[in-house]
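Colleague: Below are the chains, spelled out letter by letter.
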Amino acid sequence: AQKVTQAQTEISVVEKEDVTLDCVYETRDTTYYLFWYKQPPSGELVFLIRRNSFDEQNEISGRYSWNFQKSTSSFNFTITASQVVDSAVYFCALSDLGGSQGNLIFGKGTKLSVKP
Amino acid sequence: SQTIHQWPATLVQPVGSPLSLECTVEGTSNPNLYWYRQAAGRGLQLLFYSVGIGQISSEVPQNLSASRPQDRQFILSSKKLLLSDSGFYLCAWTADGAPYNEQFFGPGTRLTVL
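Chains D and S, in that order, give the protein sequences. Reading the first sequence from the start, the letters are residues 2 to 117 in the working numbering. Reading the second sequence from the start, the letters are residues 10 to 123 in the working numbering.
Think of the hints as simulated: they come from the structure by calculation, not from any bench. Heads up, the beta-carbon is just placed ideally off N, CA and C, and yes, glycines get one too. It is possible that part of the hints are untrue.
[Said to hold, decoys possible] Examples of chain D residues toward chain S, derived with CB under 7 Å: (1) 34; (2) 44; (3) 45; (4) 46; (5) 48; (6) 51; (7) 96; (8) 109; (9) 110.
The following block holds chain D by itself, in its conformation from the complex (with noise of 0.2 Å):
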């Protein structure tokens, strides 16, 4: 069955820090998609990044960067010098062949707060 685990629920660092959010998934599929979305106080979900299961490549976007792991079943996300605009819940999601078209299966996120 699809799982994905969102192990840290909530973050607290100070400004310019760097922060790691962790994701690791189970899928019996070879085949998978990978996600991450941001959901700041608003409440709206933004997507940020998509990654398939045979790439894993690293990637990096500004301040964000990515860290796919196959050995590990793990899709790590990292801020590097945080700032106070970073604060939201962070949910890592997962898409399979046993999904229902497309459906994405949602970690219980990780609420990062960035103090001033």
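Using the hints, position chain S against chain D.
Modeller: Coordinates of chain S only, in the frame set by chain D:
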């Protein structure tokens, strides 16, 4: 560009009252549409999805129903609300035929059942 709308933004309803939440998508055709619920302090749970007009699939048994009367309109309903229906309801869409594409979410409706 594509946009997704949801209304109302917030709603307070008494137990036993009916419910109708609406979601519309602009700038695309034949999208896959989804309803999620996010209970307080918890992750997102898929409630319904639709791949076309009149086609609704339910992921979990519940007090709610969904309908898709038009290509880009998705409605979430209930005949009698329960306290447990309180939560944050999010509508999302993804391009037709591309189940692995990212889903784009609307601004959500915060429902409180008293």
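Colleague: Tell me the numbers of any earlier hints that the structure contravenes, in ascending order.
Modeller: Every hint satisfied by this model.
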